[in-house]
Amino acid sequence: MSDLSSLRTPSQRIAWSTTIIVSTLVFIFLIAPILAIMPLSFSSGSYLTYPLPGLSLRWYDDFINSPRWMNALKNSLIIGVASTALSMVLGTLAALGLAQWKSRFKPLVLAFVLSPVVVPGVITAVGLYFFFAPIGLTGSYLGLVLAHTALATPFVVITVGATLQSFDTNLARAAASLGASPLYAFRRVILPLILPGLASGALFAFATSFDEVVIVLFMAGPEQRTLPREMFSGIRENISPTITAAAVILTTVSVILLATLEALRRRNERLKGG
Amino acid sequence: MTAPSATSANASIEMPLKRQLKRVERARQFKALGLILPLLVFLLFTFAGPIAGMLWRSVEDRDVRQVLPHTIAALAGWDGKNLPDEEAFAALVSDIQAARAAGTLAVAAKRLNYALNGFRTILTSTGRNLKGAPERGTAKETLTRINPAWRERATWTAIRDAGGPVTSFYLLAALDLVRNADGAIVSAPPDQAIYRNVFARTFLISLSVTVLCLILGFPVAYLLATLPPARSNLLMIFVLLPFWTSLLVRTCAWIVLLQSKGVVNDSLHWLGIIDEPLRLIYNRFGVCVAMTHVLLPFMILPLYSSMKAISPAYMRAAASLGAPPVTAFLRIYLPQTLPGIGAGSLLVFILALGYYITPALVGGAADQMISYFIALYTTETANWGLASALGAVLLLATVLLALVYGKLVQGQQVTGGMKN
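Chains A and B supply the protein sequences, listed in that same order. Residue numbers for the first sequence follow this note's numbering, beginning at 1 and rising by one. Residue numbers for the second sequence follow this note's numbering, beginning at 275 and rising by one.
FYI, nobody ran anything at the bench for these hints, they're computed from the structure. These numbers were taken from a predicted model, which means no experiment stands behind them. Watch out, some of these pointers could steer you wrong.
[Stated by the list, open to error] Only part of the chain B face toward chain A is listed, based on derived beta-carbon distances under 10 Å:
hint, residue
1, Ile325
2, Pro422
3, Trp424
4, Thr500
5, Thr525
6, Ala527
7, Cys562
[To be verified] Pairwise CB distance ranges (calculated):
hint, chain 1, residue 1, chain 2, residue 2, range
8, B, Asn471, A, Leu77, 19 to 25 Å
9, B, Leu604, A, Gly45, 40 to 46 Å
10, B, Pro598, A, Leu271, 15 to 21 Å
11, A, Leu271, B, Leu604, 37 to 43 Å
12, B, Val673, A, Ile256, 33 to 39 Å
13, B, Val485, A, Glu237, 55 to 61 Å
14, A, Ile256, B, Pro551, 23 to 29 Å
15, A, Pro192, B, Arg302, 21 to 27 Å
[Stated by the list, open to error] Okay, the calculated bits of chain B under chain A, using three or more residues with CB under 8 Å as the criterion:
hint, region
16, 300–313
17, 654–667
In this text, a Cβ means the ideal position worked out from N, Cα and C, and glycines have one as well.
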């Protein structure tokens, strides 16, 4: 350990070992619950206990053959994709605008745009429930997509905004001086360079919608129940192994999203030459 | 942009150029604003408007006014010291009869029952027993005969105070305060006062979770910031994977682990540490463990970025000047992490304040936080005024803390401290 050899005094070594031991315990605390739930979904028994009586895929079979769960999966995907698309359009435009806008109101506008992340979910949900009910937007896909878009857009603004910050505006000027129209310059010069930022923004937006449950609890009718919503009622009633199968599916989606983000980050660092 | 000094020779050329530049710049700014505008309009409709609507509902009071309009009008000049005059009684009789015919009496009864327990019965029984219009001048007699409550001053002040169109009733109720018959603000009777308790509990749980996150997160952030990037990037997965895993999955996992036949109890039993399963979930312990698990990454990430910015040279300098490691840590390192500690703690605390899902699933009846009551009054009992008032108090606390947070992270990268 290069880190240990550079430590001279015994007390420094003790401090460093303590840091490592405590951190290891915290890492176990963070990861163990997620790992512990996975094998249970492959159990052949119907109790959520170890040791497993045997291995089987019956709970995945249960999940796939259940109209309730498949409908929830479908809803999660529809609402997730739709709100991602909408928040990408609104968020990217706003990030482009914010990058150029010079005004003393800018911090205020930025705070407003980011506020859906900070305001407690229940407050947003209650407000939307009162607001959308009279105009028939509760119990509808459109209402949920609009609400999820509001929650997801701040992440798009942050991510795309961060990419634009490192973007060299001289490149756009160079394109203009070479005769490119603004739209052409955007499509051929700016877009390819900020594409990784856009992609991470989309992933954040999708993850936000895919994991959201409080607003769905208030606003979704029986037709619009999403995966987290089904899990919520499942956990409330009685945790069956089918829920653990759903959990594994959700976790797999998270891992894919995380891995894609990491790949984008690495690509970005490589391009920067860092 | 600095303009060259204007001499008389080139002034005539420069002025139009300057103006032209200004015009181009102004057009650019308009275009920028035009790009932001769609999102602002969208958020007005899907976020700011709904929240403003909720805030309005916390002070709006129109139900009684709509159902008993003549009574409210007749009570407008009432001094509140004695019983109202015959005119008010007559107005009430006609209002009740009209409301009964229209089927709206229950709306007023529900609102008045919040103000005075038992008002629902008073109003419905009166409505049931009113037969035809009483003779002129006998309304008071008729009403007090049907229900002696109409002889009480409090019954009438309740109607007057619920007359709207705005009221402080719900906001006061959210803080366990009521107006007494003389209009003074006093504490609610102990059997009805629960919200101060709920707020204190919400605050306490959030604080415990924040402290737990800080204790657990600090060494991890330190380790990640100190290790060479190749290794810390690998370990970062342990922080990011739970961060990205669905809240429901994590909550579900804790139930599986901590239930009475769960992994933890089984292991402890197998090790011979316990005979009977411990109660680890559906109580405060379970809530704190699960919430700490959910919020820990929000502590580690800001701590990590503040520690990453501390140059190791400072610690070496301290050591070379003869500072013992503990002194160097306390006097040199720790103060530099304070912005990170502040940002992480505030972020975790703000997020914890508004938590709903985790306590709802792993907490007992005595562990429900303020969000639970807001949800309860919205969807179950439909006491929207009270739900909105509790929401307003929670929102105020969140906004104040968020302002402090904003000041704290100002100058640092503007990411909102979120998933970045």
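Status of the hints after comparison with the structure:
The beta carbon of B:Ile325 comes within 4 Å of a beta carbon in chain A, closer than 10 Å, and the hint placing it at the interface holds. Checking B:Pro422 against chain A: minimum C-beta separation of about 39 Å lies over 10 Å; hint violated. Contact between B:Trp424 and chain A, as hinted, is not supported at the beta carbon level, the nearest pair being about 34 Å apart and thus beyond 10 Å. The closest approach between the C-beta of B:Thr500 and any C-beta of chain A is roughly 7 Å, which is under the 10 Å cut-off, so the hint is satisfied.
Given hint, B:Thr525 at the interface with chain A, holds; its Cβ is 7 Å from that chain's nearest Cβ, closer than 10 Å. For B:Ala527, the shortest C-beta to C-beta distance to chain A is roughly 4 Å, which falls under 10 Å, so the interface hint holds. Evaluation of the B:Cys562 hint against chain A yields a violated restraint, the C-beta minimum of about 13 Å exceeding 10 Å. Under the hint 19 to 25 Å, the C-beta atoms of B:Asn471 and A:Leu77, about 42 Å apart, miss the expected range.
Between B:Leu604 and A:Gly45 the C-beta distance comes to about 54 Å, which lies outside the given range of 40 to 46 Å. For B:Pro598 and A:Leu271, the hinted distance range of 15 to 21 Å is not satisfied, since their beta carbons lie about 45 Å from each other. For the hinted restraint 37 to 43 Å between A:Leu271 and B:Leu604, the CB-CB distance of approximately 42 Å keeps it satisfied. Between B:Val673 and A:Ile256, the C-beta spacing of about 36 Å keeps the proposed range 33 to 39 Å intact.
With their beta carbons about 34 Å apart, B:Val485 and A:Glu237 fall outside the hinted range of 55 to 61 Å. The hint said 23 to 29 Å for the Cβ distance between A:Ile256 and B:Pro551, and at roughly 37 Å that hint is violated. Hint check: A:Pro192 to B:Arg302, Cβ distance near 23 Å, so the stated range 21 to 27 Å holds. For the region 300–313 of chain B, the stated coverage by chain A holds: 11 residues have a C-beta nearer than 8 Å to a C-beta of that chain, and at least 3 were required.
Counting residues of the region 654–667 of chain B whose CB lies closer than 8 Å to any CB of chain A gives 4, which reaches the minimum of 3, so the coverage claim holds.
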